[in-house]
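The lines below spell out each chain.
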Amino acid sequence: MDDPEDKQLIATARSGDAKAFEDLVNKYYGDMFKMAFKWCGNKNDAEDITQDACIKLARGLDSFKGNSAFTSWLYRLVINAGKDWYKKQSRHPSNPDELEIVPAKSKSEDQLYAKQVLEAVYELPEGEKDALILVMSEGLSHKEAGKVLGCKESTVSWRIHEARKKLSAQFEKEQSYG
Amino acid sequence: MDEAQLKKIMENMETPEADQNAQKRAVNVAMSEFQDYQNKKSKKFQGFSFFSRLMGNSNSKDRRNTMEQRSHKKLLQGTAMLVAGVSLFALPIAFEQMSQTVGTGVTVDSVQLKKVHFETDVDVAQAPQKSKPKELNRSRNENIVVADMAFEAEESVVEGLSALSAPATAPVGIVSMKEGKKAKGRMKAQQGVVAGFAEGSRASSLMIAPPDIMPAPSYKDVGRDKFEDFKINPIKLVGAEPVSTFSVDVDTASYSFMRRQLNNGVLPQKDAVRVEELINYFDYNYPMPESREQPFKPTVSITPSPWAEGKKLMHIGIKGFDIQGDRPKSNLVFLLDTSGSMNSPDKLPLVKNSLKMMLDNMNANDTISIVVYAGSAGTVLEPTKAREKRKIIAALDRLSAGGSTAGAAGINLAYQLAEENFDEEAVNRVILATDGDFNVGITNNEELKDFVERKRKTGIFLSVLGFGQGNYNDHMMQTLAQNGNGVAAYIDNLNEARKVLVEEATSSLFTIAKDVKIQVEFNPKAVSEYRLIGYETRALNREDFNNDKVDAGDIGAGHTVTAIYEFTPVGSENVSVDPLRYGEVEEKAVMTNMNSEYAFLKMRYKLPKESKSKFITTPITDENDITGVFFEDPTILHDIDFATAVAGFGQILKGGQYTGDFTYDDVIKLAQSSKGEDNFGYRAEFINLVRLAKSASDMQPR
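Top to bottom, those sequences are chains A and B.
Each residue of the first sequence is one higher than the one before, starting from 169 at the first, in this note's numbering.
Each residue of the second sequence is one higher than the one before, starting from 121 at the first, in this note's numbering.
Because the hints were derived from the structure by calculation, they are not lab data.
Among these hints, one or two may not hold up.
Simulated pairs of lysine-lysine, BS3-like, Cα-Cα distance not exceeding 27 Å [unchecked claim]:
no., chain 1, residue 1, chain 2, residue 2
1, B, Lys-669, B, Lys-726
2, B, Lys-144, A, Lys-251
3, A, Lys-187, B, Lys-509
4, B, Lys-509, B, Lys-449
5, B, Lys-390, B, Lys-669
6, B, Lys-390, B, Lys-795
7, A, Lys-195, B, Lys-161
8, A, Lys-195, B, Lys-160
9, A, Lys-233, B, Lys-161
10, B, Lys-127, A, Lys-202
Here are some, though not all, of the chain A residues that point toward chain B, as calculated from beta-carbon distances under 7 Å [said to hold, decoys possible]:
no., residue
11, Glu-190
12, Val-193
13, Thr-218
14, Cys-222
15, Ala-226
16, Ile-269
17, Pro-271
18, Val-285
19, Met-304
Here the structure is a predicted model, which is why all the values come from computation and not from measurement.
Just so you know, even glycine gets a beta-carbon here, dropped at the ideal spot from N, CA and C.
Modelling step: build the complete structure from the supplied sequences, incorporating the hints.
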């Protein structure tokens with residue numbers, strides 16, 4: 169998954185080259201921010217989390233062993249940074265009032281529906297939400313998501329199953345009233 | 121719902137573009153972290169066994185790894201407890217400070233603690249890496265359980281630790297300033313507790329040199345404080361430009377900001393130093409006017425210039441009428457910035473404590489409201505009488521910081537409250553407490569200025585209290601205060617809060633004269649050149665003096681304002697500008713009996729509720745020269761000398777373009793000899809600051 173250019177960049181940065189490290193951070197900042205945003209659902213927090221993740225990257229690059237894709241390693245870094253950040257803030261992510269997640273533009277009723285679904289996703293238990301984001305939104309396999317989240321493949325599958333069950337219950341009921 | 125549908129929704133959700141500035145910030149922070157880490161990696165730990173020897177059981181068995189996660193915080197806590205333990209004796213000092221007594225001598229720089237924050241997680245992405253330093257920390261942790269006091273504030277303990285490690289690991293020049301907006305949310309404990317730790321850890325850092333395996337401070341986000349750029353006043357030829365016009369300035373923000381920088385061991389940016397604000401920080405005993413009708417009286421004295429032979433200094437001192445006892449009622453709206461950037465112990469918690477202190481000194485009938493703004497603005501306290509203290513304090517205690525800064529919306533709301541509650545008889549004032557980081561809504565200085573200016577005409581004035589550092593927008597504060605007929609003060613610690621909000625509450629809240637302008641016309645027969653020290657940002661055009669529409673500074677009850685001109689009398693050998701070879705371009709007709717006049721002082725002011733200005737004039741002659749004159753009461757002499765010392769200091773900080781070989785030592789000598797009574801220790805503190813500046817400048821590369 170990683171192209172050779174990146175591999176080279178990572179290796180140079182690991183050897184202590186500041187320029188290479190700077191290029192690396194610049195190159196991946198966008199991806200990290202996007203991930204952080206999807207994870208916490210709000211731009212301000214996402215910026216803070218991404219910054220913390222960059223700091224972790226400075227210290228943690230040494231521990232990247234190259235046996236997983238760099239991007240999924242970054243996902244893990246970002247999610248851990250996010251969890252730590254909220255711990256420090258002593259509040260919980262995705263407070264519905266602060267959610268800035270917007271579904272893609274489409275027909276207005278579709279969009280409204282999508283927004284409701286997304287809001288519901290962010291109210292799910294954290295593990296389920298994380299799994300959904302990685303698998304559904306980022307397109308990781310259950311196995312990859314398991315690596316990122318530090319759990320077994322089967323756990324990811326289970327969480328997704330649970331999440332879908334909850335979402336279905338919620339939305340089918342509403343639709344039947346509608 | 122089916123999987124495909126859910127997947128489509130989630131795949132297509134929109135994410136905003138990453139913000140360029142945020143990216144830059146993150147990259148910078150990460151870079152400095154990276155450098156620190158690389159440096160540390162290359163460092164060999166010697167004498168490691170020295171520490172392990174202290175342990176009862178080195179305990180490196182595997183089962184501990186499962187505790188690893190938990191111990192991250194704990195080990196830091198433990199280390200900080202060492203700090204706390206060692207410095208227990210220092211705590212009482214800090215507590216005394218907290219209880220808001222007048223801690224002379226000691227300046228708790230509560231700042232110190234939060235500026236550096238380091239990542240607690242060495243172990244990223246949970247790859248268990250056993251680094252020696254960590255183990256070392258852990259071992260220390262185990263030894264020091266003794267100091268197991270009930271410090272629950274984990275995060276703040278971490279801050280305390282970082283304050284300790286800072287002086288040892290980073291060169292003094294860099295340690296100081298980092299904390300930008302991004303250092304949000306590191307603090308959850310009460311400011312008081314933290315201040316205690318800060319004091320404690322500072323004290324202890326003097327005694328034990330922390331081993332350099334301590335985590336290094338990570339952020340060094342310097343220089344996002346914004347100051348208006350200005351040039352220092354040049355020497356002017358009386359022949360070419362005989363008239364000098366400026367507006368009074370009673371702000372003191374520049375002094376406190378400078379103090380904070382110096383306490384951190386660095387010289388302040390040149391643009392942060394406004395000499396007139398340094399001078400006006402101190403109170404001088406100029407004679408007071410007799411009545412409120414003529415609200416102030418100028419006192420002019422001429423002395424030889426200590427830094428330029430053959431030149432003289434002209435001190436213009438003004439003391440405002442002091443309303444004793446009869447404080448007018450006040451209708452105050454506190455507009456508090458609770459955005460994320462305010463989330464550090466020297467910001468929001470300091471604001472809260474300052475206001476509580478002020479509350480103690482208000483009349484029962486004064487009205488107080490509180491408006492906060494962050495991402496959005498809201499009223500947290502409807503207009504309430506000051507006697508309902510508990511309600512007000514409860515409202516203050518509920519505040520916490522988070523989100524972006526929609527300053528403009530907040531200002532709107534605050535003015536609206538003040539207007540609803542407007543009282544003809546009372547002082548109607550909005551008091552804004554912020555770090556000046558307005559990043560949502562009207563963010564343009566000019567627009568905000570226009571807004572405040574319009575509101576000023578309705579009789580509601582604005583004062584600005586600045587907090588924090590690293591992201592402090594001085595320019596914005598000055599603009600707002602100057603256009604809102606208010607005072608801009610910078611509050612760096614509780615002591616300063618007491619000075620501004622309690623001791624000087626009358627002068628900063630109760631304006632006795634507004635739009636005070638000073639114009640000095642020099643006599644070309646007696647004076648060849650002159651230079652106004654400071655007031656660069658307050659300069660007015662000559663024609664503005666008589667134009668009542670032009671806004672200028674205000675004087676509060678009991679305020680003193682000092683302006684100092686340096687001038688060269690005709691005939692002095694020390695002229696900076698060579699005389700013209702081809703003679704005077706234009707011969708001015710000056711009557712002979714005026715030859716003994718150096719200059720003519722004119723002042724214009726308006727009484728607070730009037731819009732037409734009044735006029736005071738006085739000639740400045742030989743008689744104002746106090747060189748060699750004997751004074752029975754030396755206070756006034758001391759005051760003048762002290763003001764001169766401060767002026768000298770300010771100019772040296774700004775580069776010393778005109779102060780010749782006047783040094784920090786000369787400043788100290790002059791200030792020492794003119795310290796006078798110094799009841800609150802402000803002048804002693806000044807002398808200390810000069811010493812700090814001296815050592816900071818010695819350390820700077822030339």
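Results for each hint:
The hinted pair formed by Lys-669 of chain B and Lys-726 of chain B meets the criterion: a straight-line CA distance of about 11 Å does not exceed 27 Å. Only pairs whose Cα atoms come within 27 Å are accepted, and Lys-144 of chain B paired with Lys-251 of chain A is accepted, the gap being roughly 23 Å. Of the pairs offered as hints, the one joining Lys-187 of chain A and Lys-509 of chain B is violated, with about 57 Å between alpha carbons and a cut-off of 27 Å exceeded. Note on Lys-509 of chain B and Lys-449 of chain B: the hinted pairing holds, with a Cα-Cα distance of about 17 Å set against a maximum of 27 Å.
Proposed proximity of Lys-390 of chain B and Lys-669 of chain B is contradicted: the alpha carbons are some 32 Å apart, above 27 Å. Restraint check for Lys-390 of chain B and Lys-795 of chain B: the C-alpha separation of about 26 Å stays at or below 27 Å, so the hint holds. With a C-alpha separation of about 25 Å, the suggested pair Lys-195 of chain A and Lys-161 of chain B falls inside the 27 Å cut-off, and the hint holds. With a CA separation close to 25 Å, the supplied pair Lys-195 of chain A and Lys-160 of chain B stays within the 27 Å bound.
Pair hint Lys-233 of chain A plus Lys-161 of chain B holds up; C-alpha atoms about 18 Å apart against a cutoff of 27 Å. For the proposed pair Lys-127 of chain B and Lys-202 of chain A, the alpha carbon gap of about 17 Å is at most 27 Å, so the pair holds. For the restraint placing Glu-190 of chain A at the interface with chain B, the shortest Cβ-Cβ distance is roughly 6 Å, inside the 7 Å limit, so the hint holds. Because the closest C-beta pair between Val-193 of chain A and chain B is about 5 Å apart, less than 7 Å, the hint holds.
The interface hint given for Thr-218 of chain A is met, as the beta carbon of that residue sits about 6 Å from the closest beta carbon of chain B, less than 7 Å. Evaluation of the Cys-222 of chain A hint against chain B yields a held restraint, the C-beta minimum of about 4 Å falling below 7 Å. Using the Cβ-Cβ criterion of 7 Å, the hint placing Ala-226 of chain A at the interface with chain B is satisfied: the shortest such distance is roughly 4 Å. For the restraint placing Ile-269 of chain A at the interface with chain B, the shortest Cβ-Cβ distance is roughly 6 Å, inside the 7 Å limit, so the hint holds.
Here the hint on Pro-271 of chain A is kept, as its CB sits about 5 Å from the closest CB of chain B, short of 7 Å. This hint holds: Val-285 of chain A has a C-beta 5 Å from the nearest C-beta of chain B, less than the 7 Å allowed. A distance limit of 7 Å between C-beta atoms decides the matter here; for Met-304 of chain A the minimum to chain B is near 4 Å, and the interface restraint holds.
Of the numbered hints listed earlier, those contradicted by the structure are 3 and 5.
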